[in-house]
Amino acid sequence: MIYGYFMKIAEIDLNNKKISYLTLKEEDMEKFIGGSGVGAKLLYEYTNHQTDPLGPENVLIFMTGPLTGTKVFSSDRFEVITKSPLTGIYAESDCGGEWGEGLKRCGLDGIIIKGKSKKPIHIVIKNEGITIKDASNLWDKDTFEVDELLKEEIDNKARSVCIGIAGERLVKIAAIMNEGEVGRAAGRAGVGAVMGSKNLKAITVLGNKEVEIAHEKELNEFIKEITPHMVKASERLKEHGTSRDVELYEEIGDLPIKNWYEGNWKEQAKKISGSAMTKNILTGRYYCGRCVIGCGREVEIKDGPYKGQKGAGPEYEAIAMLGSNCLIDDLNIIFKAQELCNRYGLDSISAGSLMSFCIEAYERGLVSKKDTGGLEMTWGNGDAIVKMLKKIAYREDIGKLLGEGIIKASEEIGGNSSEFALHVKGLDVPAHDPRAKVSLALGYATSPRGACHVAGFTHNLEFAFALPDLGYPKTLDRFETKGKAKMVVDMQNLMSLFDSLHICKFTLFAGMSVEPCLKSLNLVTGWDMTKEEFLKAGERIFNLKRLYNIREGISRKDDTLPARLLTHPRGGGSGDNLPLLNTMLRDYYRLRGWDEFGIPTKEKLLELELESLQ
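Letter 247 of the sequence shown, counting from 1, is numbered 247 in the numbering used here, and no numbers are missing.
To be clear, the hints were calculated from the coordinates, so they are not data collected in a lab. All C-beta atoms, glycine included, are put in the ideal place defined by N, C-alpha and C. Among the hints, a few may not be true.
Capping the alpha-carbon separation at 27 Å, the derived lysine-lysine pairs in DSS-like fashion look like this [to be verified]: (1) Lys8 <-> Lys224; (2) Lys31 <-> Lys209; (3) Lys302 <-> Lys270; (4) Lys302 <-> Lys8; (5) Lys519 <-> Lys536; (6) Lys209 <-> Lys408; (7) Lys119 <-> Lys71; (8) Lys474 <-> Lys408; (9) Lys408 <-> Lys482; (10) Lys141 <-> Lys390; (11) Lys519 <-> Lys557; (12) Lys271 <-> Lys217; (13) Lys71 <-> Lys224; (14) Lys126 <-> Lys224; (15) Lys505 <-> Lys474; (16) Lys232 <-> Lys209; (17) Lys31 <-> Lys536; (18) Lys8 <-> Lys25.
Quick list of simulated restraints, FRET-style, between CB atoms [claimed, not checked]: (19) Ala563 <-> Lys209: 49 to 55 Å; (20) Lys209 <-> Glu181: 35 to 41 Å; (21) Lys270 <-> Lys519: 37 to 43 Å; (22) Ile130 <-> Lys370: 44 to 50 Å.
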């Protein structure tokens, strides 16, 4: 018997409404674990270089992991895997909430959506099977409305993922949302546009099947043993949420300011910090499934034009990208901007990046008031940003161009705009600065989906925690280049495992590292996997994603950063520091077993049992 999995994936062909089932192999589970790993393998098999990301031939894959649906804390996340319409390469985006466990409890480890429906549809998955329903009544509705309507129609316990206005209109920074006003997002790389291209508005899950566990008693004892430490170690994250360190990030030069150009913003950072949110607008906390941390914020605006509005408090990335990077120091405005991103189904990181890019282009005379539909796109103009988000979602005025992503926007706007369009491989840079934590430079340059801080999570090993069981008994000097290539390799391999197990990465702050993850996996599955085998699986998964991107034409030339982050000292807490990317990259390729062009060698592929994918 296979424990931890149902060994079953539903394949739904929207061309003919045919539903079939794929039986997974235990060998693949041991090699690729689940979630992101198995999803990457499926994407490699189902798509090719000619696949149009917005064409019916692309697939949209939703995956859970072996720990999903068990009592292992913070393990109810899920992964969305597809070929990105924003970047044209590998895309994955993971998400919290309770939908992942809901899918697993329907007796499925994942679903593959292929083809395209002729009209809007809604998929309902229950214990007894899968139904494809007309979704005309849901089309043109925002994600909050859809979530509420589906709970009323199906069951209050049902959980849905859906797209908003942006996904329907194929905006290339569109997200897939769940949990309604709470706003949990599979946000990055335009996965919502792929869902929209298939005329798929929502997927609802409602099941109660139990996941079989090999050593349930021992697992329960292990969870009971480590939970008190997890709770205590995460108290600050619980108290102030993901924005707990806004002021500290400004102090050390990590907080993006004015499209990554400036280094000092001390007094303004205080106004948008986690402590300011806790003091002024916090009303409660939100916990994803099986979570013991509760980093989600529930807030109510007390004054100004949004007085009385309630909803999810802005996360750190939204505070930074829609706030400090646009010189907005008003939490009320940032709340509204994130709320609209959640309603419309927009990636708040890319949305914020496009806002600061548009403002700088406007400031330099490359974008006019006529282009913006009358909006004064100036630094600190929160009202204009709120209105521009709607224009992006509805593809109005310059919002239509911005909705194509930052590469296309800079190409069309022209001038020197490419110099301040900050992205890697087409994916906007998230809200941590590699001039403040140099490992991020290497992590952004080599992440499978483009600029991504969570593909390696390395910046925290330079600042927040140590990982003794990975060989890092203390935090590393954030400006030091030596040793960073190995650290990035190790962390990327480990994070590939987190994304395949589907354990929240914030548990790392409380000590959920290699050994607790491996012990949880072995207790659930009954395997006797060693630490070496476990980490090798993470390496295999990361290299598989690299092979996908190589097939799409990615090579050494693409493993770089925007010039502003490599050549412009920002001052402030990072002073005149600039990351030595090329030095780290040479070491990284060597440690990875890749050649000078960033391609895994035949020997490395044989070692990882990936030689058939050359």
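Evaluation of the provided hints:
no.: 1; hint: Lys8 <-> Lys224; verdict: violated (30 Å)
no.: 2; hint: Lys31 <-> Lys209; verdict: holds (26 Å)
no.: 3; hint: Lys302 <-> Lys270; verdict: holds (18 Å)
no.: 4; hint: Lys302 <-> Lys8; verdict: violated (49 Å)
no.: 5; hint: Lys519 <-> Lys536; verdict: holds (16 Å)
no.: 6; hint: Lys209 <-> Lys408; verdict: violated (46 Å)
no.: 7; hint: Lys119 <-> Lys71; verdict: violated (39 Å)
no.: 8; hint: Lys474 <-> Lys408; verdict: violated (42 Å)
no.: 9; hint: Lys408 <-> Lys482; verdict: violated (36 Å)
no.: 10; hint: Lys141 <-> Lys390; verdict: holds (14 Å)
no.: 11; hint: Lys519 <-> Lys557; verdict: violated (40 Å)
no.: 12; hint: Lys271 <-> Lys217; verdict: violated (48 Å)
no.: 13; hint: Lys71 <-> Lys224; verdict: holds (10 Å)
no.: 14; hint: Lys126 <-> Lys224; verdict: violated (31 Å)
no.: 15; hint: Lys505 <-> Lys474; verdict: holds (18 Å)
no.: 16; hint: Lys232 <-> Lys209; verdict: violated (32 Å)
no.: 17; hint: Lys31 <-> Lys536; verdict: holds (9 Å)
no.: 18; hint: Lys8 <-> Lys25; verdict: holds (9 Å)
no.: 19; hint: Ala563 <-> Lys209: 49 to 55 Å; verdict: holds (52 Å)
no.: 20; hint: Lys209 <-> Glu181: 35 to 41 Å; verdict: violated (28 Å)
no.: 21; hint: Lys270 <-> Lys519: 37 to 43 Å; verdict: holds (42 Å)
no.: 22; hint: Ile130 <-> Lys370: 44 to 50 Å; verdict: holds (49 Å)
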